[in-house]
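Chains as they are written, first to last, in UniProt numbering: chain H, 1 to 252; chain E, 1 to 76; chain P, 1 to 222; chain C, 1 to 209.
Treat the hints as calculated values from the structure; they're not laboratory data. It should be emphasised that the depicted structure is a prediction, and the values quoted were computed from it without experimental measurement. Cβ atoms here follow ideal geometry from the backbone N, Cα and C, with glycine treated the same way. Errors might be hidden in some of the hints.
As the list claims (entries may be wrong) - Each pair of labels, with its calculated beta carbon distance range:
#, chain 1, residue 1, chain 2, residue 2, range
1, H, A144, P, F29, 50 to 58 angstroms
2, C, K84, P, F29, 25 to 33 angstroms
3, P, G199, H, A144, 25 to 33 angstroms
4, P, F113, E, S50, 53 to 61 angstroms
5, H, A144, C, E206, 32 to 40 angstroms
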Amino acid sequence: MWKWLHPYAKPERAYQLCVTLQPYFLWPGILCLVIGSIWGLAFAPQDYQQGDSFRIIYIHVPSAILSMSTYTAMAVAALVGIVWQWRTAFMAMIAMAPIGAVVTFIALFTGAAWGKPMWGAWWVWDARLTSELILLFLYLGVIALYGAFEDKQQAGKAAGVMALVGVVNVPIIHYSVEWWNTLHQGATISKFDKPSIAPEMLWPLLIALLGLALFIAAVTVMRMKNEIIRREYHRPWVKALAAQALGDNHAV
Amino acid sequence: MQFDNLADFFAMGGYALYVWLSFGVSLLALLWIVLDSAATHKKLLKTAQSEQARQARIDAARKAKPINSESEQAGS
Amino acid sequence: MNGLYQGIFKRDIALAFRQRSELAQPLMFLLMVITLFPLGIGPGPMTLQKIGPGVIWIAAILSSLLAMERIFRDDFWDGSLEQYMLSGLPVSAIAGVKVLVHWLVSFLPLALFSPLLALFLNLTVDMYVALMLTLVLGTPLLSLVGAIAVGLTVGLQRGGVLLALLLIPVFIPLLIFATSAVDSAALQLPYRAQLAIIGAMLLLAMAAAPFAIAYALKVSQN
Amino acid sequence: MAGLAADNLTCIKRDRVLFTDLSFALLPGRLIYLRGPNGAGKTSLLRILTGLSAPDAGELSLDGQPLERQRDTFNQQLIYVGHKAGLNGALTAMENLRFWCAQHGAEFVPADTYRVLALLGLVGLEEVPVRMLSAGQQRRVALSRLWLKKATYWILDEPFTALDTDGIALLEKHMRQHVAQNGAIITTSHQPLSDLAGPMEELVLEYRL
Numbered sequence: 001m002w003k004w005l006h007p008y009a010k011p012e013r014a015y016q017l018c019v020t021l022q023p024y025f026l027w028p029g030i031l032c033l034v035i036g037s038i039w040g041l042a043f044a045p046q047d048y049q050q051g052d053s054f055r056i057i058y059i060h061v062p063s064a065i066l067s068m069s070t071y072t073a074m075a076v077a078a079l080v081g082i083v084w085q086w087r088t089a090f091m092a093m094i095a096m097a098p099i100g101a102v103v104t105f106i107a108l109f110t111g112a113a114w115g116k117p118m119w120g121a122w123w124v125w126d127a128r129l130t131s132e133l134i135l136l137f138l139y140l141g142v143i144a145l146y147g148a149f150e151d152k153q154q155a156g157k158a159a160g161v162m163a164l165v166g167v168v169n170v171p172i173i174h175y176s177v178e179w180w181n182t183l184h185q186g187a188t189i190s191k192f193d194k195p196s197i198a199p200e201m202l203w204p205l206l207i208a209l210l211g212l213a214l215f216i217a218a219v220t221v222m223r224m225k226n227e228i229i230r231r232e233y234h235r236p237w238v239k240a241l242a243a244q245a246l247g248d249n250h251a252v
Numbered sequence: 001m002q003f004d005n006l007a008d009f010f011a012m013g014g015y016a017l018y019v020w021l022s023f024g025v026s027l028l029a030l031l032w033i034v035l036d037s038a039a040t041h042k043k044l045l046k047t048a049q050s051e052q053a054r055q056a057r058i059d060a061a062r063k064a065k066p067i068n069s070e071s072e073q074a075g076s
Numbered sequence: 001m002n003g004l005y006q007g008i009f010k011r012d013i014a015l016a017f018r019q020r021s022e023l024a025q026p027l028m029f030l031l032m033v034i035t036l037f038p039l040g041i042g043p044g045p046m047t048l049q050k051i052g053p054g055v056i057w058i059a060a061i062l063s064s065l066l067a068m069e070r071i072f073r074d075d076f077w078d079g080s081l082e083q084y085m086l087s088g089l090p091v092s093a094i095a096g097v098k099v100l101v102h103w104l105v106s107f108l109p110l111a112l113f114s115p116l117l118a119l120f121l122n123l124t125v126d127m128y129v130a131l132m133l134t135l136v137l138g139t140p141l142l143s144l145v146g147a148i149a150v151g152l153t154v155g156l157q158r159g160g161v162l163l164a165l166l167l168i169p170v171f172i173p174l175l176i177f178a179t180s181a182v183d184s185a186a187l188q189l190p191y192r193a194q195l196a197i198i199g200a201m202l203l204l205a206m207a208a209a210p211f212a213i214a215y216a217l218k219v220s221q222n
Numbered sequence: 001m002a003g004l005a006a007d008n009l010t011c012i013k014r015d016r017v018l019f020t021d022l023s024f025a026l027l028p029g030r031l032i033y034l035r036g037p038n039g040a041g042k043t044s045l046l047r048i049l050t051g052l053s054a055p056d057a058g059e060l061s062l063d064g065q066p067l068e069r070q071r072d073t074f075n076q077q078l079i080y081v082g083h084k085a086g087l088n089g090a091l092t093a094m095e096n097l098r099f100w101c102a103q104h105g106a107e108f109v110p111a112d113t114y115r116v117l118a119l120l121g122l123v124g125l126e127e128v129p130v131r132m133l134s135a136g137q138q139r140r141v142a143l144s145r146l147w148l149k150k151a152t153y154w155i156l157d158e159p160f161t162a163l164d165t166d167g168i169a170l171l172e173k174h175m176r177q178h179v180a181q182n183g184a185i186i187t188t189s190h191q192p193l194s195d196l197a198g199p200m201e202e203l204v205l206e207y208r209l
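Chain H with its partners taken away, still in its complex shape (with noise of 0.2 angstroms):
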């Protein structure tokens, strides 16, 4: 195993490289979010079928793409963080868990609200908006684990078990559910299908997506940098980061 990475140098680099990436993922994050919504809210066309409502699609389908690779990406950390022992992957995991959850509470809200005006209800058991509400319960169960353990290391294991366990669930749970669906749904609502997409209407998806992912990179630099500090508050590198960026008012 890599046990030559000394656990006390490697925080204090691994909050250096948060530092130094956090810009260059927050500011195009949020310039491709707006160039996305703004394109897809006024320029893009209409659908024939479903009118301005459609333009939802420039935020639900991100979010709704990017919660489910957001939790992938938590469960890899995860898998890193217990095959190599490495600190830093679970406060990664960690840090990725909260925005993953908001991700896809936004994936929910913006489905229902879709779908009120398509099948006159706020909520409805839908294949996907399922798969999604299941999803956020994987999300909280793994952020309630994490916050039930004292010992943040041991938290970390243990969240990072669960998100392993989630993971192997995701695709079963969602396939699951499709199924469910066909089974009940019948042929009163009409399967609610993403409409076929013109190439003036993809570029603004595009461009929304990229620029939640970078966004969502951002938020998990900046939590990342939080939990180094939670855990690495009695350093001297911690002090002086304080110190200098408190302005350096006396001691307390």
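Dock chains E, P and C against the given chain H, drawing on the hints supplied.
Leaving out everything else, chains E, P and C in the frame of chain H:
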């Protein structure tokens, strides 16, 4: 621009409530997570500083009276 | 070597029967939850038959969540688990034996009582047969996957609710396929596909869960 | 070199560094008395030695070879008595010890077990469910393992808690005998070991804020 004027844009073809609600809630959620992260960052730095100050006080107290530092250390 | 596993098996079975009252509690819970449904939804036989499979399976999942903590709780808190881990036997094998004992002790009473459940909810004979098959394949899956979360939360003071929060999302596919198997039996349709999927999930759990349980116990021991 | 050697072990619990770069060797024929104030990491160190928890850095070796690879042989040569007695309350002392001996590959002879329990002053309590016994008696049942299994390494965490004076004397004599027969012991104790326990080295862990 798909809409003739700004009013039509906000009407969003009659789906204003759903479209603006979706984008509004999403914006709020993303804003909340960023502000929360930034706030905890500052709070953590403050606790780090007060923790270090506490540490300095303990060390100073120990240097001041080293005689019974053994018992004081066991007690702390 | 397997003499040692028989030793653990015999010890746990003896222990389970010595604490018989604690054994029966999840079963009483299951029966009570099921009697609530006719009271809540109305005794109409056809409605009961329609919701029967779902009711039984949801009640089975909830009652298994109650009983599941018992797999490692006593051994963890009195230190026997430490001695097990130092005995040189692979922890995953020990976990496997303990989950097997837990399943036997919690499933057999359920199987004995299931005719009563079928009677309560007016299930037909075909539905009852399908229910038994799904229970035989499904409950070990509940115990195996559940034991992973139990291993993680055993060290916590109030891990009970957290256990449910962690496990219910993971049990949803099993609930879907089990209830649909019994529904198909009600309509005289074949349900071999559903059973095959539950069986596949069970095999996956049998292969992977013991190692996850062993790791979870090491994390809690730390 | 022979024995259980630890080099620059590091242990972090709840983000507090308990000890770092700790190196020492537990050689057969030696008794190490691990001393230190509360919270200094004594229990954590012992649990790392047994393998129940992993160190954050540093390596353990047995007779020169990395311990990780010979975990089984080490376990056969180890008896660990921790804070928890390791006895199931619903079972009797005899049942507990029978299962323990079976798992640890120690030959279980009922007559010997009765003799050892009698030596420890538990005559007549052998068939009573362990939860009926007092804390001191439960501790004695747990300690009876030291008589029942032949093992070189003893890792004892506060073995004297809840023991009365003659219990302590009995255990110290047994420890001295074990060390004389080339056994290796590392133990903590809230009150200093008397010279009944024979020659010993001290390993002191400071409390680090």
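Hint check:
1. About 24 angstroms separates the C-beta atoms of A144 of chain H and F29 of chain P, a value inconsistent with the hinted range of 50 to 58 angstroms.
2. Look at K84 of chain C against F29 of chain P: about 30 angstroms separates their beta carbons, and that is inside 25 to 33 angstroms.
3. For G199 of chain P paired with A144 of chain H, a C-beta distance near 31 angstroms keeps the hint of 25 to 33 angstroms intact.
4. Distance hint check for F113 of chain P and S50 of chain E: the Cβ-Cβ separation is about 60 angstroms, which falls inside the suggested range of 53 to 61 angstroms.
5. Taken as a hint, the range 32 to 40 angstroms holds for the pair A144 of chain H and E206 of chain C, whose Cβ atoms sit roughly 37 angstroms apart.
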